[in-house]
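Make a model of the complete structure from these sequences and hints.
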Amino acid sequence: MSSQSKTAEQSVASGAANFLRNYYIYFVLVAIVALLSLANLDQFALFERGNFLNKRNIINILRVSAPILVVAGAFTLLMVSGYIDLSIGSTMGLTAVIYAMLAINGMPFVPAFLLTMLAGAVLGAINGILVVRLNITPVIATLITLSLFKGIALLLVQDGVSAIKSGGGLKMPAWFNDYGRDGVFLKLPAAFWVAVAVTLVLIVVQNRGKLGKYAAATGGNPTAAKLSGINTGRTVFLLYVIVGVTAALAGIARSSFMSLGDPLSGDGMELTAILVVLLGGTAFSGGEGRVLRSFVGALIIMALTVGMLTIVPAYYQTLVIGAALLTAAATNHLVSQKGKVS
Amino acid sequence: MSSVTDTLPSGPTRSKMSDEGFISSLVAAVAISLFLIASLLVPNFFQWQNVVNLVTNNWAVIALGVGVSFLLVSGNFDLSVGGIVALSGVLSVWFAQSTEGANALSTGLGLPYGLAIACALLGSLAIGALNALFVVRFGIPSIIVTLGTMMVARGIAQVITHGSQRNTNLPDAFGYLGNLSLFGTSIKFPVVLMGLLLVVAIFVERKMVFGRITYWIGANPEAASLSGIDRARHITKLYLFSAGIAGVVGILLASEYKSGFSNRGLLMEFDALVIALLGGVAIAGGFGSVIGMFFGAIILAVVTSAATGLVLSPDWQFILKAVAVFLAIVTQTWALARRNK
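Same order as they appear, the protein sequences are chains R and C. Mapping the first sequence onto numbering that gives the first Met the number 0, position 340 (from 1) lands on 339, and the numbers just tick up by one. Mapping the second sequence onto numbering that gives the first Met the number 0, position 162 (from 1) lands on 161, and the numbers just tick up by one.
To be clear, the hints were calculated from the coordinates, so they are not data collected in a lab. One thing to keep in mind: the hints can contain errors.
Claimed, not checked - Pulled a few chain R residues facing chain C out of the computed Cβ check, cut under 8 Å:
{"#": "1", "residue": "Thr-136"}
{"#": "2", "residue": "Trp-174"}
{"#": "3", "residue": "Ile-310"}
{"#": "4", "residue": "Ala-313"}
{"#": "5", "residue": "Tyr-315"}
{"#": "6", "residue": "Ile-320"}
{"#": "7", "residue": "Leu-324"}
Predicted, not measured: the structure shown is a model, and the values here were computed from it. Idealized CB from N, CA, C, for every residue including glycine.
Here you go:
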């Protein structure tokens, strides 16, 4: 009798925990937006007519969010499979430089865009080879490429200049800005809509596609996945390539937005990506996580960082992101209640 | 009595070196050969003073490498050390600055220097405790935790210095420790301290229960727990130890430059990890040595200073580090596999 009521209580509790786990991220987004909307932003030049929910402000935030929004989904799938890529910031920086170099030397938009995506795929494939073929631990393999890609990007930019930009007889083409800034639909630029499209595709891949199922199986139990005939090596390799391509899209978006190819423009992106994916409730151990929730996580972080700039000086940013990372990790742990590791 | 020796397997006449000893000697041999190669290529490289400089210029990273290596051996990352170096330096400056400054950045808490560095050290240990709390109690992967605490530590340093540095209104005693020369030579106090730390660390690692438990935990966490080792407590100690070293390094660097700079120690966590990996410390835990890490640091120092001597652009250092770590990992795996075939 008492045991029955206890199990009923437990199921209510686990139902509530499930509900929290599935939807808490949306509440966090609403809470942060509400909080920032209440703050008085009148005196800040960044936002016109001082309202966080002002249309121009929202457009502004979504425009600068394009890079993290486009990588969040692929990064989620990689973490679901139990792997990590610390090199995405450097991949972004290097592809931004490549894209800007192609454009400034007169290549039209479409080939430059496609070639840069191809470069991203190659960089992702290098990660994949190090991890899958040479069996180097993902953290170390991608730290190696973090350093390598950053070094190449810095070398591509000649001495004495900090980034690829107009000057020295070369001029950025007029269209260079359009992709990241020019409103094409609902006043939002193509970069943002590409991020939405990539996310939608990855949601379908996760829910319906083989790759999504394989990724979850690889992360959940690699041995079982292998035994049931899944080529886990190929799955992981493919995921690294996809992450590389999305990082290239992020690099294009960032360099188009800033109208220069800055080798350091992706610095810290890996941290933001981890933060965003953790916010979305992806388990560190792999096997669980949703692309859509990471997308929402990315919106939260961008609303928070851009909104915060209007309230406190910029030098609070590192502290807040670090604290958010730890909080997200702790919340993730408390909500999922996975056992202790050590 | 003779039965004991009889039961021992009759191995080769030469006693077999341990795998760790093998890798350490390999790393040392590579370090020395790289130095000789660099001496052929770079003019004025082959000098006694240059050998001394290779060590003394890198005392900070080598000291951090000790704590990082111990943690790696136990199977955990510590990427927070660079942030802690910035934090403890900035804290020591802030605590020691006198209370009547002309502006916000030149006004501190006016504590006596001894108390100021003690409090700064406590601040560093707090970050170490935070690492331990998240890794041990919550079971969150150490790479994510220590990336977070690195940002928190550096973030606090940035808030205290408003994103730049504090260097005014300091007591005279502040610059003493970091610039103190010992034995009438150019060898500074921090370098001697690093040397002492190395010796103590090697002794602890080889001869003391504490060191052996660290290996045990890294090699087989389950077995370690089952044989009654309190893993949580041990890893907590290791994080406090590593954060403490980083705190002292930060305080000494702040003293050397007489300033607390929020960007000091940038990428030092990365370099400490790189020298440990170059020195053969295994990321999976349970394998590696402080001596290897030391020679790993020499390899990195030779490579980077030779590159500077060959007038390569400083941008090359990222590629050189990547290639060095890659080669180190691949060769060590290959050498060990071949040896134990």
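Verification of the supplied hints:
1. Thr-136: 5 Å, holds
2. Trp-174: Check failed: Cβ of Trp-174 (chain R) comes no nearer than 30 Å to chain C, outside 8 Å.
3. Ile-310: Given a least distance of 14 Å, the restraint on Ile-310 (chain R) is violated.
4. Ala-313: This interface hint holds because 7 Å falls under the 8 Å limit.
5. Tyr-315: With a minimum Cβ separation of about 6 Å from chain C (threshold 8 Å), the hint on Tyr-315 (chain R) holds.
6. Ile-320: Holds, about 6 Å.
7. Leu-324: 4 Å, holds
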